[in-house]
Each structure stands twice: as C-alpha cells, then as structure tokens.
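Asker: Protein chains in written order, with my numbering: chain P, 1 to 112; chain G, 1 to 114.
Hints listed in this document are in silico derivations from the structure and should not be mistaken for laboratory results. Check the hints yourself; a few may be wrong.
What the hints assert, rightly or not - Computed cross-link-like contacts, SDA-like style, restricted to lysine to any residue with a CA-CA straight-line distance of at most 20 Å: (1) 3/P - 41/G; (2) 83/G - 41/G; (3) 57/G - 98/P; (4) 3/P - 38/G; (5) 3/P - 67/P; (6) 94/P - 56/G; (7) 3/P - 42/G; (8) 99/P - 51/G; (9) 9/G - 40/P; (10) 94/P - 31/G; (11) 57/P - 69/P; (12) 57/G - 2/P; (13) 99/P - 50/G; (14) 59/P - 83/P; (15) 99/P - 31/G; (16) 94/P - 95/G; (17) 94/P - 44/G; (18) 94/P - 59/G; (19) 3/P - 104/P; (20) 99/P - 96/G; (21) 83/G - 110/G; (22) 57/P - 101/G; (23) 17/P - 37/P; (24) 99/P - 59/G.
Claimed, not checked - Calculated from the model, a selection of chain P residues having no Cβ within reach of chain G, i.e. all distances over 10 Å: (25) 12; (26) 16; (27) 26; (28) 54; (29) 61; (30) 70; (31) 82; (32) 111.
Said to hold, decoys possible - Every beta carbon over 10 Å from chain G, so not counted as near; a handful from chain P, in silico: (33) 7; (34) 14; (35) 15; (36) 18; (37) 22; (38) 57; (39) 58; (40) 78.
Please read all numbers here as calculations on a predicted model, not as lab measurements. Backbone N, C-alpha and C define an ideal beta-carbon position, used for all residues, glycine too.
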Amino acid sequence: SQKIEQNSEALNIQEGKTATLTCNYTNYSPAYLQWYRQDPGRGPVFLLLIRENEKEKRKERLKVTFDTTLKQSLFHITASQPADSATYLCALGKDSSYKLIFGSGTRLLVRP
Amino acid sequence: DGGITQSPKYLFRKEGQNVTLSCEQNLNHDAMYWYRQDPGQGLRLIYYSQIVNDFQKGDIAEGYSVSREKKESFPLTVTSAQKNPTAFYLCASSIEGTERQPQHFGDGTRLSIL
Numbered sequence: 001s002q003k004i005e006q007n008s009e010a011l012n013i014q015e016g017k018t019a020t021l022t023c024n025y026t027n028y029s030p031a032y033l034q035w036y037r038q039d040p041g042r043g044p045v046f047l048l049l050i051r052e053n054e055k056e057k058r059k060e061r062l063k064v065t066f067d068t069t070l071k072q073s074l075f076h077i078t079a080s081q082p083a084d085s086a087t088y089l090c091a092l093g094k095d096s097s098y099k100l101i102f103g104s105g106t107r108l109l110v111r112p
Numbered sequence: 001d002g003g004i005t006q007s008p009k010y011l012f013r014k015e016g017q018n019v020t021l022s023c024e025q026n027l028n029h030d031a032m033y034w035y036r037q038d039p040g041q042g043l044r045l046i047y048y049s050q051i052v053n054d055f056q057k058g059d060i061a062e063g064y065s066v067s068r069e070k071k072e073s074f075p076l077t078v079t080s081a082q083k084n085p086t087a088f089y090l091c092a093s094s095i096e097g098t099e100r101q102p103q104h105f106g107d108g109t110r111l112s113i114l
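Next comes chain G alone, as it looks inside the complex (with noise of 0.2 Å):
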C-alpha cells in the first residue's frame, strides 16, 4: 500500500545534540512538508518542498534543517539550536498542480529531551 512513513516513533535528544527524522513516501507525490504539532496548537509549518534539491522555510524554521535530494525521501534535522524541541513532528506530501490538493500524512515522530 502507498504512504508516507516517519521514523523513529519516539526519540530522545540530549542538551546539545542534533537528531534526525526520517520520512519516505511511495505516492510518488512532488510536495512534502514537515510540520510541528503542540498540544492545543494548530499544526505549524517548518519547511516545505515542491521539488527535488529545492526547499523552502516555513513559519518556525530556526533551529531546523532538511534536504531533498530524493522526491521519495525528506528528513528532518533538529539542530542544537531549537531550544524548545519537545513535539509531535508530522510528515506529510501533495500531489502537485494548479490547485492545492489534500496533504497525507504520516503517523509522526515524538520527539523529547532527555
């Protein structure tokens, strides 16, 4: 079956770490996006991706990274420098086209710091 899948479930940062979250889609979709979600807060978005080797900044960025040289594949990197990384991360992807069409999602990576 086609979907998007994140890894790790769960993980676990330690002060000063970086740490990366994996996503792999086979809907052979363009778009992927990264999203944080915290308790009583809409979904955020972080970065965004309408092709291969081209990705652009969402609204909360800083202390963040991804690349895109797969179109199957967009991990996330939370650098040391997102002080406040404690969430619920979700992965999703488009199809592309003139009229936005709906995002899946994966099912989310947790992420804490130890």
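Chain P on its own, in the form it takes in the complex (with noise of 0.2 Å):
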C-alpha cells in the first residue's frame, strides 16, 4: 500500500539558518504534492503545491522541490524565524481523485 514518511523527530534550528524537511512516499505517482503548516489546535494552513512536471517552487522564504525518481520532495524555509515554528504535514493527491494521502507531519521548532 501506499506510504508516506515525514521525519518523526523535531527539527531544531537557529534562528536565521535554513529550515530542510523531508516527505519521501513510495507504491504512489502522485500528480501533485501539496505543504501544509499546523499550529497546536488548529487546522492545516495551506503554504505550496507543486506538480508532477515542475522541478521547485517557490514563494517569499518558502521552496519546494519535487523529485519523482527519488520520490521525495523538500521543504526549504530560508531565514528561519520564530514564528514559522508549527508542524508541517505533506500530501500527495492525483487529479483523478479527490483522496489526499497526508504524511504525519515534522514539527520545527526555530530558536530565538
């Protein structure tokens, strides 16, 4: 069956440095890969979608690469500040279906 792995530890970093997280999926050709973000108690904002075809993304201090031989995709938030500690979650969809497959999420913590 199809699986998603994000890692399960807390990623620790310094303010200022550049945040890396991973999704790497197997037994799926996803059309499409989406990053959320989460805070405690609230639901998943939406940050980048990147499609099968495109290569990165990107958008203000947020990157997204998408390598469907590796099946991976990273994450990158450059400048990391404080306030972009949250749990990021990753889900793979196809066009051909509404079903979202959603990994467990990595939670950053940017230290002051």
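Got two chains here, separate frames each, mind docking them using the hints?
Answerer: Here it is in structure tokens:
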C-alpha cells in the first residue's frame, strides 16, 4: 500500500538558518504534492502545491522541490524565524481522485 | 471573511451516545471533507462530498455518518458504533475542478470519551 514518510523527530534550528524538511513516499505516483502548516490545536493551512512536471516552486521564503525519480519532496524555509515554529505536513494526490494522502508531519522549532 | 467554521471546539461523548460535529463554509466550495487526526498519524479521510446530496466513504467511514443537504454544511455524526472516537476531527473544503485544488481547513473539534 502507499506510504508517505516525514521525519517524526522534531527539527530544532537557530533563527536565521535554513530549515529543510523531507517527505518521502512509496508505492504511489502522485500528480502533485502539497505542503501545509499546522499550529497546535488548529487546522492545517495550505502553503504550496507542486505538480509532477515541476522541479521547484518558490513563495517568498519558502521553496519546495519534487523529485519523482527519488520519490521525494524537500521543503525549505530560508532565514527562519521563531514564528515559523509549527508542524509541517506534506500530502500527495492525483487529479483523478479526491483523496489526499497525508504524512504525519514534522515539527519545526526555531530558536531565537 | 470567508472560511470554515467547526463547532464545538471540544466535545465529550458518553458511552452509547451519538454526537454530531458541525461544519459550515462560506467559501462557495463544492467539495467538502472530514478527516480524523490522531497523534503521530497523518490525517485520515472519513467521508467526502463533491456536490449537494451526494457523498462517498473515505478510508475509515465505519462508525460515522454524514449528510450534505446544503452546499454550505457538512455535519458529521460519530455513532456509538465507533469504538475509538477520541481524536481531533477536521473539516475541509475545496474548489471543484479538473485539477485538484488546495483544501481549506477549519480549526477542528476535539472529541473525548467521558
């Protein structure tokens, strides 16, 4: 069955550094991948969507890459700030289906 | 402001009791979803609806029921048949289209057993 993996251990970095989060998947061929941010006790908030024919997508301090050969997406936050501290979820999907497959998320902690 | 409203924020269920979680959206989205989130696990799809008066089971529909009588509303009932209902429940909506669009989430309802 399809499986999506995100690092379950929290990522702890210093303010100003670049945070890099990983999303790996197996037994699935997604048409696109999405990244969401979730704060404690809140619902996820959409950040970026990247499609299978795109290698990289940027939005302000955020950058996402998508390597369908490695079956991996990397999510980067440059010049990280304490306000970036949250859990980040990746999700895979296909245009032919409403179903999104979510990873369990990686918690990011940015120290001042 | 447009968005999704879930209520209540906290809900307690007694043994053998059915409870209903509310989800309302004013984004004019056609598609709506219910997810369950447990610690250390990804969101799991319970039910989804593409249009009014139509809905489909997700991966973990057993012990749950839904209705979609209005475009804006997609309530979820957790029945007594759901033996492990304690979780964080999230409602979402999205625009209908040939390419899947991002989902907009509410702020969830946390359900616990008394």
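Asker: None of the hints should be skipped; say for each whether it holds.
Answerer: Do the hints match the structure? See the list:
For the given pair, residue 3/P sits about 12 Å from residue 41/G by alpha-carbon distance, which is consistent with the 20 Å threshold. Straight-line distance between C-alpha atoms of residue 83/G and residue 41/G comes to about 18 Å, which keeps the hinted pair within the 20 Å bound. This hinted pair checks out: residue 57/G and residue 98/P have alpha carbons roughly 11 Å apart, not beyond 20 Å. For the hint linking residue 3/P to residue 38/G, the alpha-carbon distance of about 17 Å falls within 20 Å, and the restraint holds.
Proposed proximity of residue 3/P and residue 67/P is supported: the alpha carbons are some 16 Å apart, at most 20 Å. Taken as a hint, the residue 94/P and residue 56/G pair is honoured in the structure, with Cα atoms around 17 Å apart against an allowance of 20 Å. For the proposed pair residue 3/P and residue 42/G, the alpha carbon gap of about 11 Å is at most 20 Å, so the pair holds. Between the alpha carbons of residue 99/P and residue 51/G the distance comes to roughly 15 Å, so the proposed pair stays at or under 20 Å and holds.
For the proposed pair residue 9/G and residue 40/P, the alpha carbon gap of about 13 Å is at most 20 Å, so the pair holds. Taking the CA atoms of residue 94/P and residue 31/G, the gap is about 15 Å. The hint holds against a cut of 20 Å. Note on residue 57/P and residue 69/P: the hinted pairing holds, with a Cα-Cα distance of about 17 Å set against a maximum of 20 Å. For the given pair, residue 57/G sits about 18 Å from residue 2/P by alpha-carbon distance, which is consistent with the 20 Å threshold.
Annotation: proposed proximity of residue 99/P to residue 50/G holds, straight-line Cα distance about 12 Å (limit 20 Å). At roughly 17 Å between alpha-carbon atoms, residue 59/P and residue 83/P fall within 20 Å of each other, so this suggested pair holds. In summary, the hint linking residue 99/P to residue 31/G is supported, as the alpha carbons are separated by about 11 Å, within the 20 Å threshold. Between the alpha carbons of residue 94/P and residue 95/G the distance comes to roughly 15 Å, so the proposed pair stays at or under 20 Å and holds.
For the hint linking residue 94/P to residue 44/G, the alpha-carbon distance of about 16 Å falls within 20 Å, and the restraint holds. For the given pair, residue 94/P sits about 16 Å from residue 59/G by alpha-carbon distance, which is consistent with the 20 Å threshold. For the suggested pair residue 3/P and residue 104/P, the alpha carbons sit about 11 Å apart, so the restraint of at most 20 Å is met. Restraint check: the Cα-Cα separation between residue 99/P and residue 96/G comes to about 13 Å, which is no more than 20 Å; the hinted pair holds.
As the CA atoms of residue 83/G and residue 110/G are separated by approximately 16 Å, the hinted pair is consistent with the 20 Å bound. Using a Cα cut-off of 20 Å, the hinted pair residue 57/P and residue 101/G holds, with the two alpha carbons roughly 16 Å apart. For the proposed pair residue 17/P and residue 37/P, the alpha carbon gap of about 19 Å is at most 20 Å, so the pair holds. Proximity of residue 99/P to residue 59/G is assessed by CA-CA distance (about 9 Å); at most 20 Å being required, the pair is judged to hold.
Distance to chain G confirms residue 12/P as a non-interface residue, since its nearest Cβ pair spans about 18 Å, more than 10 Å. Annotated as non-interface, residue 16/P keeps its C-beta farther than 10 Å from every C-beta of chain G; the closest such distance is 29 Å. Non-interface call for residue 26/P relative to chain G: holds, since the shortest CB-CB distance, roughly 14 Å, exceeds 10 Å. Interface exclusion of residue 54/P from chain G stands, the closest Cβ pair being 13 Å apart, more than 10 Å.
Separation of residue 61/P from chain G is adequate, the least Cβ-Cβ distance of about 19 Å exceeding the 10 Å criterion. The beta carbon of residue 70/P sits about 20 Å from the closest Cβ of chain G, which is more than 10 Å, so the claim that it is off the interface holds. With a least CB separation of 22 Å from chain G, residue 82/P remains clear of the 10 Å interface cut-off, as annotated. The Cβ of residue 111/P sits about 24 Å from the closest Cβ of chain G, beyond the 10 Å cut-off, so the non-interface label holds.
Residue 7/P, annotated as away from the interface, keeps every beta carbon of chain G farther than 10 Å; the closest lies near 12 Å. The non-interface label for residue 14/P is consistent with chain G: the shortest C-beta to C-beta separation is roughly 26 Å, beyond 10 Å. Against chain G, the non-interface label of residue 15/P holds: every CB pair exceeds 10 Å, the least being about 27 Å. Even its closest Cβ contact with chain G, about 24 Å, leaves residue 18/P beyond 10 Å, as expected for a residue assigned away from the interface.
The Cβ of residue 22/P sits about 15 Å from the closest Cβ of chain G, beyond the 10 Å cut-off, so the non-interface label holds. Interface exclusion of residue 57/P from chain G stands, the closest Cβ pair being 13 Å apart, more than 10 Å. Residue 58/P, annotated as away from the interface, keeps every beta carbon of chain G farther than 10 Å; the closest lies near 17 Å. With a least CB separation of 22 Å from chain G, residue 78/P remains clear of the 10 Å interface cut-off, as annotated.
In this structure, every one of the numbered hints holds.
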